[in-house]
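2 protein chains.
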Amino acid sequence: MSSTAPNLIAAVSEARQWDRLMELAKLGAITGADGEPGVNRACLTPLDREARRLVISWAEGLGLTVSVDEIGNLFLRHEGTEAGAAPVLTGSHMDTQPNGGRFDGIWGVIAGLEAVQAIREAGIATRRPIEVVAWTNEEGGRFAPGCMGSMAYAHYKPANAWDAVADAEGITFGQALAEHRAAEAGLTHRPLGGKPFAYVEAHIEQGPRLEAEGADIGVVTGIQGSRWFIVELRGETAHAGTAPVSLRKDAVQDMIRAITALNALMTDPTDVLRFTVGQIEVLPNTSNTVADRVRFTIDFRHPDKDVLLANGDAIEPTIRSAVKNCEVTVTERFHALPVEFDALVTDAVEDAATAQGLSSLRIPSGAFHDAQFMVPLCPSGMIFVPCRNGVSHNPAEYSTPGQLAAGARVLAAVLTDLANR
Amino acid sequence: MSSTAPNLIAAVSEARQWDRLMELAKLGAITGADGEPGVNRACLTPLDREARRLVISWAEGLGLTVSVDEIGNLFLRHEGTEAGAAPVLTGSHMDTQPNGGRFDGIWGVIAGLEAVQAIREAGIATRRPIEVVAWTNEEGGRFAPGCMGSMAYAHYKPANAWDAVADAEGITFGQALAEHRAAEAGLTHRPLGGKPFAYVEAHIEQGPRLEAEGADIGVVTGIQGSRWFIVELRGETAHAGTAPVSLRKDAVQDMIRAITALNALMTDPTDVLRFTVGQIEVLPNTSNTVADRVRFTIDFRHPDKDVLLANGDAIEPTIRSAVKNCEVTVTERFHALPVEFDALVTDAVEDAATAQGLSSLRIPSGAFHDAQFMVPLCPSGMIFVPCRNGVSHNPAEYSTPGQLAAGARVLAAVLTDLANR
Numbered sequence: 001m002s003s004t005a006p007n008l009i010a011a012v013s014e015a016r017q018w019d020r021l022m023e024l025a026k027l028g029a030i031t032g033a034d035g036e037p038g039v040n041r042a043c044l045t046p047l048d049r050e051a052r053r054l055v056i057s058w059a060e061g062l063g064l065t066v067s068v069d070e071i072g073n074l075f076l077r078h079e080g081t082e083a084g085a086a087p088v089l090t091g092s093h094m095d096t097q098p099n100g101g102r103f104d105g106i107w108g109v110i111a112g113l114e115a116v117q118a119i120r121e122a123g124i125a126t127r128r129p130i131e132v133v134a135w136t137n138e139e140g141g142r143f144a145p146g147c148m149g150s151m152a153y154a155h156y157k158p159a160n161a162w163d164a165v166a167d168a169e170g171i172t173f174g175q176a177l178a179e180h181r182a183a184e185a186g187l188t189h190r191p192l193g194g195k196p197f198a199y200v201e202a203h204i205e206q207g208p209r210l211e212a213e214g215a216d217i218g219v220v221t222g223i224q225g226s227r228w229f230i231v232e233l234r235g236e237t238a239h240a241g242t243a244p245v246s247l248r249k250d251a252v253q254d255m256i257r258a259i260t261a262l263n264a265l266m267t268d269p270t271d272v273l274r275f276t277v278g279q280i281e282v283l284p285n286t287s288n289t290v291a292d293r294v295r296f297t298i299d300f301r302h303p304d305k306d307v308l309l310a311n312g313d314a315i316e317p318t319i320r321s322a323v324k325n326c327e328v329t330v331t332e333r334f335h336a337l338p339v340e341f342d343a344l345v346t347d348a349v350e351d352a353a354t355a356q357g358l359s360s361l362r363i364p365s366g367a368f369h370d371a372q373f374m375v376p377l378c379p380s381g382m383i384f385v386p387c388r389n390g391v392s393h394n395p396a397e398y399s400t401p402g403q404l405a406a407g408a409r410v411l412a413a414v415l416t417d418l419a420n421r
Numbered sequence: 001m002s003s004t005a006p007n008l009i010a011a012v013s014e015a016r017q018w019d020r021l022m023e024l025a026k027l028g029a030i031t032g033a034d035g036e037p038g039v040n041r042a043c044l045t046p047l048d049r050e051a052r053r054l055v056i057s058w059a060e061g062l063g064l065t066v067s068v069d070e071i072g073n074l075f076l077r078h079e080g081t082e083a084g085a086a087p088v089l090t091g092s093h094m095d096t097q098p099n100g101g102r103f104d105g106i107w108g109v110i111a112g113l114e115a116v117q118a119i120r121e122a123g124i125a126t127r128r129p130i131e132v133v134a135w136t137n138e139e140g141g142r143f144a145p146g147c148m149g150s151m152a153y154a155h156y157k158p159a160n161a162w163d164a165v166a167d168a169e170g171i172t173f174g175q176a177l178a179e180h181r182a183a184e185a186g187l188t189h190r191p192l193g194g195k196p197f198a199y200v201e202a203h204i205e206q207g208p209r210l211e212a213e214g215a216d217i218g219v220v221t222g223i224q225g226s227r228w229f230i231v232e233l234r235g236e237t238a239h240a241g242t243a244p245v246s247l248r249k250d251a252v253q254d255m256i257r258a259i260t261a262l263n264a265l266m267t268d269p270t271d272v273l274r275f276t277v278g279q280i281e282v283l284p285n286t287s288n289t290v291a292d293r294v295r296f297t298i299d300f301r302h303p304d305k306d307v308l309l310a311n312g313d314a315i316e317p318t319i320r321s322a323v324k325n326c327e328v329t330v331t332e333r334f335h336a337l338p339v340e341f342d343a344l345v346t347d348a349v350e351d352a353a354t355a356q357g358l359s360s361l362r363i364p365s366g367a368f369h370d371a372q373f374m375v376p377l378c379p380s381g382m383i384f385v386p387c388r389n390g391v392s393h394n395p396a397e398y399s400t401p402g403q404l405a406a407g408a409r410v411l412a413a414v415l416t417d418l419a420n421r
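Protein sequence lines correspond, in order, to chains A and B.
So that you can map any letter, position 169 of the first sequence is 169 in UniProt numbering, and since no number is skipped, the others follow by simple counting.
So that you can map any letter, position 182 of the second sequence is 182 in UniProt numbering, and since no number is skipped, the others follow by simple counting.
Among these hints, one or two may not hold up.
Some chain B residues judged to face chain A by a derived CB distance under 10 Å, without partners named [stated by the list, open to error]: (1) Pro98; (2) Pro145; (3) Thr188; (4) His189; (5) Arg190; (6) Asp250; (7) Val252; (8) Leu283; (9) Phe296; (10) Thr318; (11) Pro395.
Okay, the calculated bits of chain B under chain A, using three or more residues with CB under 8 Å as the criterion [what the hints assert, rightly or not]: (12) 15-29; (13) 48-56; (14) 64-78; (15) 240-247; (16) 309-316; (17) 414-421.
Note that these hints are calculated values from the structure, not bench results.
Ideal Cβ placement from N, Cα and C applies to all residues, glycine included.
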């Protein structure tokens, strides 16, 4: 445990961090149902690149070294005093959900930049380098699944594993990445992967606990596991007025049967389990034709590995038992086991909060994050700050400038601490 | 009852009618799941206009008078011998479902043209004029509901009633119609509406009965009633990993509840009732966000007016009782009571079939047709021919050249009969 230098804390600027976030929120600005200022900035789009150029300009202004790897992960490097020492890595992502907020992901990048700027302005030298990373496609909103950048960095999958994944317009990840890399060809290239000394990611909680319990800082203990599936049902079109219901191969009705059976499978009185059908496509999708094709997604999460495996493995047989008339294809496209974060990081976060007089709470993360793919590489962890009503993936997502500044101060202290070990 | 002149029957050309249908099937040609040649030709599109130009060129070649009305209905007129006599009207529509076949609708127009051509080539004069009509937007595939052209003609609704209805790209019916009318500005304009002496529409059955019972001709006794609804559910987006299931306002799950309750309402052991959810839109439609918006359609049909009214009126309360967390809007956008066709036409069809040595069967229509909106205007009826396996609204839709020629011969006889009364 280390106490934090007062000049470091003072060097973190609440206003500068907030202004940067607001400037970035203009890129892809949308308005929510009740007029809230949200953001729709999908990965590997011109808007994404514009946001990256802004962040790069701030980093270069600070004297950081900028580089990108083959999947588009962006690194901003502050040098340490010891040549060859493994870096401390921090950061998050810059892409948003289609109807997203101003803080999810981007704050982790800007907090990393703010922390490094404070360290430099406070004149603090660290033994290890500190790298701020912006991971490619964490959200999975445009190209599913999410966390492609961190998965590739961690060699969880090869960088070309998702080349054929198409967005809603039929553009593949491979095409979008090639275009993106061409647009960023002027940046220094670095090899994919690395062996950091530690990884710490700052993020809004995206849940209600810190706010409800009045805690300033969440010391994240781990991340629940996630399994994502695509279900495709293939029946037969028919005329809605003439085809007898008993003879139809109606893909919509088989979807109803499948989801009803899955709801029964996924019933959890403790309300820990997360089961979501968020995306549905119907073909031919006209009101007076029985649909012959339905495609829907499943997002299933649980902190207990045994439940994750048992219920996840039961999804396909449950659907097959429920469906009456259609051919069924179930494809698992994301499978991440629950992870526990390392005491090196969790203790450093808790100690920094305490040293700064902030209240903290140890909590697990319901959302997945790039941090979970760092766990096999190095001691990893996360810092959460409260967000209003626990709302995220929505323009109503909000944390106060003060809450975000507190998070950046803890991050600055943790980075200094870890970079001197 | 009139016997049919042999030279009229001989003048109906199986090959000419088939060739015209195949030529039209090139305009919007698609390939079905098993390689079948289908058609996707939405109303008021350039493809629709190209098909109309082809039909107009054939009509002008025959010496028919071409005109259009303000909703785009197209009329091809054969003059009668008595000035001012009310015309016999025949025809159908030229638009298709997005994944449609080569015969639904278009055959009724081409059969009308074939019948008139045969009448003229046989040198038969009729007292009354005969008009072949192609109604605008019967399918409702691009702009819902269907039958706009015939509804406007019959003054069931004003011609501008649907101006604000938008297609999937956001183009309104009003915009598309204005563009269409500008493109057809060179055609003669006629006032909307009319008072025909009788209406008879030729159409493929779109059901399996004629084929199953070995009948050549369906004498259509009437059309079941239809009610179309749009249901909109409005909940709240949330993060699929963090938001507790118990606290969600998940529009997809409320849709599952609504459709499950509707399925119970619409259960019919006699399999006469038709209930279809064919179109579903989800927002924001990403796999890891709880959906806040769902919009789905209901197509409900029944031949019994009492059931149509009782079950149709129960739809909204059933949905409201079933839905747990979302705001609900239910909009009825189409309401057509069951109709019975007039003995003047049904007897004429049956007699013509008998006179030609064809077997006929009296059957109701499961599909709605423009003919049902003619019922209040004049004695109306329809001629069905068998289609393979009862399949329609699908590229696999098929009737043989011989089946279609038999239908055109009956139509020619019926038109001659009615036009001389």
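Now for the hints, and whether the structure bears them out:
Of the supplied interface hints, the one on B/Pro98 holds, with its beta-carbon coming within about 5 Å of a beta-carbon of chain A, less than 10 Å. Look at B/Pro145: its Cβ gets to within about 8 Å of chain A, closer than 10 Å, so that hint holds up. Violation of the interface hint for B/Thr188 is found here, the shortest Cβ-Cβ separation to chain A being roughly 33 Å, above the 10 Å cut-off. Taking 10 Å as the C-beta cut-off, the interface hint given for B/His189 is violated, the closest approach to chain A being about 31 Å.
Hint status for B/Arg190 relative to chain A: violated, with the closest Cβ pair at about 29 Å, above 10 Å. Using the Cβ-Cβ criterion of 10 Å, the hint placing B/Asp250 at the interface with chain A is satisfied: the shortest such distance is roughly 7 Å. Annotation: B/Val252 was flagged as interfacial toward chain A, and the flag holds, the nearest CB pair being 5 Å apart, inside 10 Å. With a cut of 10 Å, the hint placing B/Leu283 at the interface with chain A holds, because the nearest CB-to-CB distance is about 8 Å.
A hinted interface residue such as B/Phe296 counts as satisfied when its beta carbon comes closer than 10 Å to some beta carbon of chain A; here the least separation is about 9 Å, so the hint holds. Interface restraint check: B/Thr318 against chain A, minimum CB-CB distance 15 Å, threshold 10 Å, status violated. At about 9 Å, the closest approach between the beta carbon of B/Pro395 and any beta carbon in chain A falls short of 10 Å, and the interface hint on this residue holds. Counting residues of the region 15-29 of chain B whose beta-carbon sits less than 8 Å from any beta-carbon of chain A gives 0, not enough to reach three: the coverage restraint is violated.
For the region 48-56 of chain B, the assignment as covered by chain A is violated, since 0 residues bring a beta-carbon within under 8 Å of that chain's beta-carbons and 3 are needed. With a cut-off of 8 Å between beta carbons, the region 64-78 of chain B has 0 residues touching chain A; three or more are needed, and the interface restraint is violated. Taking a C-beta to C-beta cut-off of 8 Å, the region 240-247 of chain B contributes 7 residues in contact with chain A, enough for the three needed, and the coverage statement holds. With a threshold of 8 Å between beta carbons, the proposed coverage of the region 309-316 of chain B by chain A is violated, since 0 of its residues qualify and at least three are required.
Proximity of the region 414-421 of chain B to chain A, defined as three or more residues with a beta carbon under 8 Å from a beta carbon of that chain, is not established by the 0 residues found.
The structure does not agree with the numbered hints 3, 4, 5, 10, 12, 13, 14, 16 and 17 stated previously, though it agrees with the rest.
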